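Residue numbers (numbering that gives the first Met the number 0), protein chains in the order written: chain A, 0 to 397; chain B, 0 to 330.
No wet-lab data here; the hints were simulated from the structure. Keep in mind that a hint or two might mislead.
Stated by the list, open to error - Lysine-lysine pairs mimicking BS3-like chemistry, simulated, CA-CA at most 30 Å apart:
id : chain 1 : residue 1 : chain 2 : residue 2
1  : B       : K329      : A       : K186
2  : A       : K264      : B       : K185
3  : B       : K26       : A       : K186
4  : B       : K149      : A       : K170
5  : B       : K150      : A       : K132
6  : B       : K328      : A       : K15
7  : A       : K132      : B       : K235
8  : B       : K275      : B       : K241
9  : B       : K149      : A       : K132
10 : B       : K150      : B       : K126
11 : A       : K132      : B       : K43
12 : A       : K132      : B       : K241
13 : A       : K21       : A       : K43
14 : B       : K302      : A       : K170
15 : B       : K307      : B       : K247
16 : A       : K2        : A       : K372
17 : A       : K264      : B       : K57
18 : B       : K66       : B       : K126
19 : A       : K15       : B       : K235
Computed from a predicted model, the values in this text were never measured in an experiment.
Take a look at the letters that make up each chain.
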Amino acid sequence: MSKRVGIVGAGVTPFKAIWREKTYYELAQMATREAVKDANIDIKDVEAAFYGIYNDIFERTAIPEHAIHGLLGMQNKFGIRITTGGATGAYTMSAAHAYLAAGRFKTALVLGVEKATDCFDFLSMSATPEVIKAIGWSGDSFFEQGIGWSASDSYAEVVLGYMDEHPGDLKPEITAQISSQLSQQVKGNKYAQRQFDQVTPEEVMNSRLVVYPFKELEICVYTEGAAALILAEEETAKTISKNNGTPIVWITGVGESNEHSFAGKNQKIMSRIMSDYYGSHRAYEMAGIKDPTKSIDIVELHDAFVHQLEITMAEFGLVPLGRADSLIEDGLMLSGGKYLVNPCGGLIYCGHAVGASNIMSAWSARNELIKRKLKTALVHGTGSTIAQYTACLIFEHE
Amino acid sequence: MKKQKEKVIPSYYIPDVGSHVTTIDGKDYLIANDAMFTFYRRTKGEFSPFFLALRDEKRLLGCKCSKCGLVRVPPFLTHCPDCNFAPTELIEVDQVGIMNSTPPITYFATSLFQHMAPYGRGRVIFKGADTAMSINLYTTTGILTPGIIKKGTEVKLVFRDERIGEMRDVFSIPTAELTREQINKKGLQESEIDWETPVEPPLTKASDQDVKVYKEALKEIKSIIHEMNRNERARKDIVGWKRNIQVKTRGGQFAILINDGDIKVEEKKRPSPDFKIVCDDPRTLLDGLAYRGAITDSVINKKLWISKNMEFSTIFKIDRMARSVARSKKA
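Bound conformation, chain B alone:
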């Protein structure tokens, strides 16, 4: 059950020892790579039965007040403060519930969760419970977009195949995406669900008009990216960042190359790009680059497809560059 060889802090997060000097107004300032780190052998204490039930038995526990009967899930206390600290007892609750309110969706995550974005986190009142449990929310249909899960949406508790006794051992998906058997099954695991595999969207055959549109858009894209490359503020947005991006549109394809402060367009197919952008109409990407709407939103609205969700971070940077150029023009 326990994952092997996984580090508490994955090595890719850890910078090398080092420092550099930044000069501002003719004065030098020393900037050092650094970290605060503390390791723990931390007890789950009174929450241990809850986490052990998740990990080992695929059961969901709450606590019921012996006086008022309020059922709290998760069982975050042992005595009820509403009843002058009357004791509570652990009980099992159902694994289907409803959303307490519409959940937020995180597209730009903290450095710890960028691999997980976009993700939903909301609160579910499971049948038999009175309080709402905070939990991750996903859809089997691709990227989670607003409107799929709302207040009152019925969701199912799903268990990770590998569990370690943490809240990330479980998540929820809408019951509307499951079969009756899956909904009724206690301890449903993620591997028992059909997940839509990200498939590169096919592009329809280009007409002469499409090729013309592509050529005109590419000309503008080149011009904007050239402008980004000359803009100090925009260049700062991609310092230390390297990505080769293949862009496929109906009328043709090209590559955007980002290399530590530099950005350029290349009119050829890259053999092994870091990721692909596919958009039927190149003007979708053009609008984003020209700061007439965010590329991020085009991904969310499915007008533009990226081959790796983790590359939202690169899309954010390109959006940022578009804003930097716009800000410089105003200044």
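Extracted from the complex, chain A is given alone in its bound form:
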């Protein structure tokens, strides 16, 4: 029988547009130091490390985790890197959970780190075109890279596919309102890149088109930073919790799915994010959740784009497909509504430090569950071309 696994420590660095003062070595150690301190344990007590680092090009080295293993004090112990595009952080938590549930280790460090904006385009004298180019190498190298594939245009394909099927949904005034709301929620997150960047729905509507149908203020921002968790199997978790006085947040469900990367008959259904559907529903099944609309209190959702946030909420079964705008129109995610969605501000306002993002979301979900005394949270990561990859986790506050 598999063991219960809980979160007993967590830490993040500030998420910043660029860290001139730190390399990814130091960012990794900063987050780890915070997580170990939060758990009130010694790093020597951690038996294994799981690294979530998305893109070798960002870190400017292949196997970027090799250098940080020893400087985190993990030398001579198990260390493995997970890289699954935008879903890297969520998949890294999933992998660590599996090893601990299987009894291989009693404790594990889950560390996500990314240093994206060292990339620089000397033609435009700015970072962003080179950052998205570095991500562009993640597209299909035979059929898509050469014709301008990008993360934004591939997610836009899915969003437009959904809008083809549901032309009355994802209305511009609703996506603008969601973005504005996230910008208000981020005010409480002192680690966020855009803690003080509050925008009105009108400003979102007026922001420039970057990739149709996405406007600038509806897209996550690339960020540098790190996030870390300490996971432990049940007995060890209880001992740590007793020592540090912080309740355990249990990981009671995990689900993953990777779709086709080609479209058409028997391939990807462009109007759906089936990976989100399968990933969430597999996590519900493992956690014993029959009706997520009654069980889920907090959603920490990987909002690469506001439109995708809405579709993902529908794939989670929290709103009907084709009626995702009910998140605002029926007040479901408004302040005091049924769901608390991305209290950290999401990746659009806290920032997207790719490998660290979902782990930051987990850090936030754990904090909010404990602080608000709520029971259940859903944490999500999405990634790869046309929203191909998903990993979801259910957190429960004891």
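Based on these hints, arrange chain B on the given structure of chain A.
Just chain B now, with coordinates in the frame of chain A:
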């Protein structure tokens, strides 16, 4: 067929060896120009017949499963995983198809594709195929804007005149923009199509009222640009950037000069600007500068014309400056 003297990495992308120091909170940090580069002689392997057919024969190939009959275009596998890896065979498919879904349009591209923006990339199911092929999409009528190509739009495969055996050897345009002969022609090339040449839009004769509007708008534009020039965040948006822009409106013309962190307005005609902005009503530009709507969107909506599509990158920077000033006011 093969382009000559073209480098795998064009030299204009490559920075000089160098470094600089940035000081933050009294401490110095060393920042070096750098690159990761790896060259390849990379095989197209099992995809070679597909790419050779595009390059040399102007034919489009797919693969058909010997068991279920599913036709995949491009032929991205040799055995069908849906039929326990039954073999597939290459077949030719038609060069007309329909959009599988509405395609996105990229206005802000990666550093590799800024010269190509704005461009569409979507998926086409060609007649005879079951799966959709990812392809660039263009219109012969100017800038690609939302609504021209949608789910179900019929499009034609068009071949570049110079082909190298890559996906960029081909693109698609709506058949509604072609003659019957062009639609039926196999191996239609880009040079056989009439492309609308970008022509500077004519401005109607200015009335006294137009001149008055121009003068009032220019006064505000000067004030905003002066404010941008004093705003540290906005100045950062144009560090290392140099452009002389001639702005023509019905009531009069002026120049916006960007020079490595500085921006200013000059009330005279520049002899050889880097590019031109033409907008009938100067208030269109004014609204963008004042962060009351994006200049980018005015270009897309054809309220404002720029003489070079590549200069979208400059328009983005000016939009960015407007946002930077707005953010500073809130802080």
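| message | Hints numbered earlier in the text: which of these fail when held up against the supplied structure? | response | Every hint satisfied by this model.
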